[in-house]
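Residue numbers (our numbering), protein chains in the order written: chain A, 6 to 244; chain B, 835 to 1099.
Errors might be hidden in some of the hints.
To be verified - Taking CB as the label site, the calculated pair distances span:
no., chain 1, residue 1, chain 2, residue 2, range
1, A, ILE11, B, ASP864, 38 to 44 Å
2, A, ASP16, B, PRO1028, 23 to 29 Å
3, B, ASP990, A, ASP16, 51 to 57 Å
4, B, THR991, A, ASP16, 24 to 30 Å
5, A, ASP16, B, ARG855, 54 to 60 Å
6, A, ILE11, B, LYS964, 55 to 61 Å
7, B, GLN1062, A, GLU154, 33 to 39 Å
8, B, GLU1036, A, ASP63, 51 to 57 Å
As the list claims (entries may be wrong) - Some residues of chain A that are not near chain B, with every Cβ distance over 10 Å (derived):
no., residue
9, GLN9
10, PHE15
11, GLY38
12, ASN187
13, ARG203
14, GLU222
Rather than coming from a laboratory, the hints here were simulated on the basis of the structure. Using N, Cα and C, we set each Cβ at its ideal position, and we do this for glycine too.
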Amino acid sequence: MNSQHIVSSFDQDLEGLQARLMKMGGQVETALGNAIKALETRDLELSQQVRQGDKAIDAMDEEIRAETARVLALRSPAAGDLRTVLSVMTISTHLERCGDYAKNIAKRTTVLVEASPINGTVPALRRMVRMVEAMLADALDAYIQRDAEKADDVRTRDLEVDQMYNTLFRSLLTHMMEDPRNITACMHLHFIAKNIERMGDHATSIAEQTIYLVTGEMPDEDRPKGDTTAYNAPDGEAI
Amino acid sequence: MYDVTRPEAELDPSEIKFAARKVQVFYGADQAIKDVDIDIQDKTVTSFIGPSGCGKSTFLRCLNRMNDTIDICRIEGEIKLDGQDIYARSVDPVQLRAKVGMVFQKPNPFPKSIYDNVAYGPKIHGMARKKADLDEVVETALRDAGLWGEVKDRLDTPGTGLSGGQQQRLCIARAVATRPEVLLMDEPCSALDPIATAQIEELIDKLRAQYSVVIVTHSMQQAGRISQKTAFFHLGNLVEYGDTDTIFTNPQDPRTESYITGRIG
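Chain B on its own, in the form it takes in the complex (with noise of 0.2 Å):
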């Protein structure tokens, strides 16, 4: 007599960034993502969880195509951005990665100092003709991940020289350098303590406002935190999609519920 159904969240279509549609991902023969449809927000952060091995990576980096690089991996069904199909064949997948950049697990800060590895991205896709251009786009995205004050006066030093936050904060600055519209992090703050990561959280909200933000977490806590979506993923399904307080309160498929109250399932 509780009816515990709700219709699946539905979306505005001009609020849509990227819209998946019976997505599979074959490694070989195996197959690590099953006939997927997902609509992500944009301006929102979408948190992507599940156990290892679930298809929740494999999934982000179909997002900007970073599974091209993998001679194995194939790919079936349709990913649109903004209406686009990012599979298409006039689809340029270096450009597609200015416009939907990439957060990793661990820092990779280029050998190179603080200014020229926010600089690369603007410099490789011509967005700055001049020095003083330059400058400013290496300030605007310094300022963007909220590094700017801890190194304005150390541009010039190895980027590798930061601590691990920093270096995080870096990497995301380096991100938002070309002006992206989306940004893909991979379990951005695992190697993070906890109060690095809480600057990487407070930033991640901030750039809400300017960028589609989604996440692949190994916790609970920091999907619950930061994000307003959460899509649950198991053995390469897309179990479960929704507003994260639905998610986290009262889970509609009792796979979620056992993932996210640690449970064995």
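One chain only, chain A, in its complex shape (with noise of 0.2 Å):
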């Protein structure tokens, strides 16, 4: 829908809501990426400020929530309108999601700093960061563009995170195997290596909302998934 409406402050109204939204996305970028580097440069002061930043995430998503409630309330909007206040909400529900994630990051960081480093692992955290990074980033200008083949294409990248992750994870086994005295640092690795996981099927659902946003249907359930580790065995062989 590119023509406005015929009252304007209808069109402020949503587009001052995406706009939070989009700024949002940004904070919620800067929080994975300083997360990461946090735990990559052992930098205490940079996982606390990750673990602060949080709040304003949370409040952001306090304020989107209130403003698609008057919206909705005010304006009764419908067709595409109503689609993209809806979708506005749920994806803030996904991005303060995120956030939660990056601080959890940051918080086991506090911890990992005391530990000695699991070799290769950290590396592998970071390129699956990179990937959800771009994903995260698409997902947003899938959104902003009402691009529903950009945000299809979001979708089938979270298969790559899914494989990295089960990687990592019979890698982390493999670690704790080998010297019981890795598995507080394997632990906590693996529980970050499962957030930016998670994060990946976030960006996934953001632009799910983005091909609802532009068709008015959901996008099958049907693409390809690729955390299997729930059927792994600690040898390694599948149950």
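Got two chains here, each in a separate frame; can you build the complex from them with the hints?
Now the structure itself:
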């Protein structure tokens, strides 16, 4: 919908909502970037900053929620406008969860700085983050550009993140079996990997909201999924 | 890759009350309705929406031949009620209007008592022989219209003395008194306050069990609240027709979207 509403303040309401959502998306991307950087550089101060920053992300979610309620009550949006308001509300919830995961990574970093590094793990996490960061950015770009094709591309990329997570999961199992002193660090690193993997899922959900916004229909559930760790026994064999 | 087209709302033939095909309406040289095809479902509320001058009221008035009274009006195409062409020579418009009742924008009670307002139709259609029968018809109609409790003790007072909302319900009672099969309503709430509107809307929802209701409304929210099917008219064309929830969440035609979201078309 390119044309404007006859009541221009309605356009301002919808634009305002989406602008807030994009600002929130930016803050989440920064939080994720800083969380992984703090882990890599063992920077406690930066990790503390990420933990503090999550409060602002939560507050934005609250604001967006209140604003969507106001728009629903006062404007009675229909059709594409209704889908815009609903998708803003849903995406805000996904971003808020992503913010929580970034905060959780930062929390675990405070323990990990005390432990000796597990070979190759942090670079692998960094690669995962790079994937997920790009997915988040592209999902939000697709949203604001109303680009269902681009959103669909984000959905397909989640498989790769799942596969990276599987590989890391197996490698962490191996490290723990090799030396029980690694267990504490490996457990935390595993949760971090899982957090990043979950953020990929949220980016995928944001992309699906974009498809809903553009087409009016949610995409089919049959996208490829790659997290198979739920079926893995400690010896690496599938149960 | 995401196919947003969907088949037209298809109805079971037994559920179709009105079937209109290639309907065209002209006022002199001006064409008000262009090639409208629509099946209107029985025991259902159908809303006609669209900007002023789009032809929705004109089309509504075709359904009980109200346009016959306008000399320069000419109608082409076919409109069938229960499979019978309502414009056939053998059809008496007065009988048709007993079957297809109408309620207008402004309440227009006759300058008679409440009782006589409701009894008028049944009387001229010979529906009651005895006073007791007529009393029963009047009471049933007033009950159906949700007005009985408010007027039962003053049936002999003038209908024009009621409040606007009550007058409109009186007009609905008058319309249902002849036991019609279809009720046509042309913006029945536009002159009413929100409470009277809510009462009429509740009534329309109840009437759906017995009648087919076709309503012209300028209120998108009202169409959403009361109707199961919605038809959007624009410049004499039927642009889109389908389930109300689909029309208001995911209309297929950009003109429908522009209209219901309040955009410059």
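* Identify every previously stated hint that the structure contradicts and give their numbers, smallest first. => 1, 4, 5, 8, 9, 10 and 14
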